[in-house]
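Visitor: Chain Y is fixed; fit chain C onto it per the hints.
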Amino acid sequence: MDPQLTISVFAGKATKQFLKLRSSGGTAAPGLFSLYLDKNALKKLSAGLERTILVTGTNGKTTTTRLIGNFLEKENISFVHNRAGSNLERGIVSSLLEQTNFSGQVGKTTGLFEIDEAALATTLTKLKPTILVITNLFRDQLDRYGEVDNIKRLWEKALVELPQSTTLVLNADDPTVAYLGKSKAKVIYFGIADETVKLDEKPTTLDTIVCPVCQGDLEYSAYFSSHQGDYRCSKCDFKRPELDFFAQEINFSEGKTQFVIKNKEETTTIETPLLGLFNVYNALASYSALKGLELPLTNFADVAADFKSVFGRGENLTFNGHQLLVALAKNPTGFNEIIRTYLEKPKQTTLIVINDKIADGRDVSWLWDVDFEKLLEKDDFIFTSGLRGADMALRLKYAGFKNFENIESLEAALEKATNSLGEGETLTVIPTYTAMLELKQLLAKKGLAGQFWED
Amino acid sequence: MEEQARIKPSKLKLNITWLYPREMSTYGDRGNVLTLYKRCLWRGIEAEVEEIGIGKNLKKDWTDIYFFGGGQDVAQTLVAQDLLGDKKKILKEEAEEGKVILGICGGYQLSGIYYRDFEGKEIEGLGILDVATRAGSKRMMGNLVVETQFLEEKLVGFENHSGKTKLGQNAKALGKVVVGSGNNGGDKTEGAIQNNVYGCYLHGPVLPKNPAFADYLLHQALLKKYGETELTFLNDSTELAAHEVALDRAHKTH
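So the protein sequences, as listed, match chains Y and C. Following this note's numbering from start to finish, the first sequence increments by one per residue and tops out at 455. Following this note's numbering from start to finish, the second sequence increments by one per residue and tops out at 709.
Take the hints with a grain of salt, since some may be wrong.
Said to hold, decoys possible - Quick look at which bits of chain Y chain C covers, simulated, 3 or more residues with Cβ under 8 Å:
| # | segment |
| --- | --- |
| 1 | 135–147 |
| 2 | 283–293 |
Claimed, not checked - A few chain Y residues facing chain C, derived, Cβ under 8 Å:
| # | residue |
| --- | --- |
| 3 | Trp-366 |
| 4 | Lys-397 |
| 5 | Phe-401 |
To be verified - Under the rule of at most 30 Å between Cα atoms (straight-line distance), these lysine-lysine pairs were calculated in the DSS-like manner:
| # | chain 1 | residue 1 | chain 2 | residue 2 |
| --- | --- | --- | --- | --- |
| 6 | C | Lys-593 | Y | Lys-330 |
| 7 | Y | Lys-357 | C | Lys-631 |
| 8 | C | Lys-707 | Y | Lys-440 |
| 9 | Y | Lys-152 | Y | Lys-235 |
| 10 | Y | Lys-39 | C | Lys-593 |
| 11 | Y | Lys-446 | Y | Lys-357 |
| 12 | Y | Lys-152 | C | Lys-593 |
| 13 | Y | Lys-357 | C | Lys-593 |
| 14 | Y | Lys-235 | C | Lys-543 |
| 15 | Y | Lys-235 | C | Lys-542 |
| 16 | C | Lys-707 | Y | Lys-330 |
| 17 | Y | Lys-347 | C | Lys-493 |
| 18 | Y | Lys-345 | C | Lys-493 |
| 19 | C | Lys-593 | Y | Lys-157 |
| 20 | Y | Lys-402 | C | Lys-468 |
| 21 | C | Lys-543 | C | Lys-680 |
| 22 | Y | Lys-374 | C | Lys-468 |
Hint data in this document are derived by calculation from the structure and do not stem from the laboratory. Note that the Cβ used here is the ideal one computed from N, Cα and C, for glycine as well.
Chain Y on its own, in the form it takes in the complex:
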């Protein structure tokens, strides 16, 4: 019995109850309060878990974690998951509090947490994960995370403290992520081994341009997405590590993605409603993580097939008789992938909603690193909205678009955009993070989708 922890747990749980009564959706506050009363709450609460999977990286954390969670659920493995949102230490503590009795004993065997890339260092030693998955490293909200180099340094520092028992699951196609596996005992590398999905030309947005070891130029035999690809350094012997699990035979067709995940011995065929190459990476990451736990993965294909998209991650909605597809965009690479996945289709209507709140990144200059020019030929109509919708409209003007309109109010923009749709046409909505939350509330107000904390 640890009296400090008990008080901390009690206070956290009470906060949760209080928020429930007030029906406000705070997912971080209980954890924050617990940590205030016992700063070791995370370490103590997670000590009872048999195993912990931690997922970090710029893009794909949420989908990767949910795929793993859905699999654990199917296998009847009890787990705690910071599913409802906050991916900082306080959010993880909040999720643990829900499964904990007053002496701080957690009633589940497995911990499954996504963690903000900048918060990895402080949580790693407290959680001592069995598996640490790193999905990728892209430039993301420079004002929050600083430059890519900065996150790289934070991760390197964090991994010095990595427990010997932890298995690293790394994206081999991302040079910086792959580099983190050097001199580590247990590493599983995943990547793509399919030339058919390589980009025709060197992408304009590259967040890593030099070798993480010697700063020599990286040479690529294939770029798959931004700086993810098959590379080697022109100066030293650094190159893409040999892949333990790889995706091949990738095929995108209307509404689904097909591919196989292979290693030396086995092949798993996947067919999933998760669209886009970034979701192939997410599936690979979750598959490799579960392999790291040495679980039999016979049901993985079913889990991927049944995956229901997370709000804002490309789900199809019907709203007032109109088809909507909502795809969150946080950074240039993510936005370029959305363009590649959803917009390289026949003529359509799009609504882009750009906010500049702290969670979106205050700096909107990244919009100028997205390849909107690729869409020019299609003569699409693009509506823009949000706190920085005017910046977005300006970006479109300089990309060469004629058909665009900025409407400040999201509600008015949504109405006008849906009303302009042709028969059977889908409106693609691309919001930044807080714009996505606003959209979700707006849709809920109009009778669609649940509130975010019920998700």
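Guide: Here is chain C on its own, set in the frame of chain Y:
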């Protein structure tokens, strides 16, 4: 001057050199090059953009406007090494001749005399702006609004730097900080001007949503090349709407 004023826009051409587009374009700074280019084309002025990366030589006397953006620390060190030698010599000569040069953030710092890091190690700059920058411990980050003496409208953008820049005797400030930190968070100055060299910490990118600044630079370049010329009017309603919003957000987020 009368003669030259009658030069038809179609006869005009500006050559733009974009320094280190791969290494020094972290904050959407390519929008600045796009803006200079498009605002020429929309007016019937021919424009050509030449990209100069590491290891590629500058063509002396070809350029009318140089653009030098910001990059990450690692890239900045590589770029600084590449600049020394021939490139520095050409840029220095052309700066003194009055060629238009715009440096943003890292490009601004490297246009100065030196950048001194935490260990006291100095990275030599081009020396085309009499400014010097030292590494600082606090990151100056947020919307930035600047009042200049050469433009009616305020400049607005986003700063994100920890280097503190101090002006020397030969450089004037680009403007006075209205919102934000500017050069060093202390003396209320932002950016620098010397000859026709302009440096500042304004990302955003700065030129699309401050069209008056973009046109000022184009005008300076045309003056230098052709003598007196006037820029034709463009409909800037989209630009000015973004400018308004950015100003409003700058005041609200501070």
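Visitor: Compare the structure with the hints numbered earlier in the document and write down the numbers of the violated ones, lowest to highest.
Guide: Result: hints 2, 5 break, sorted rising.
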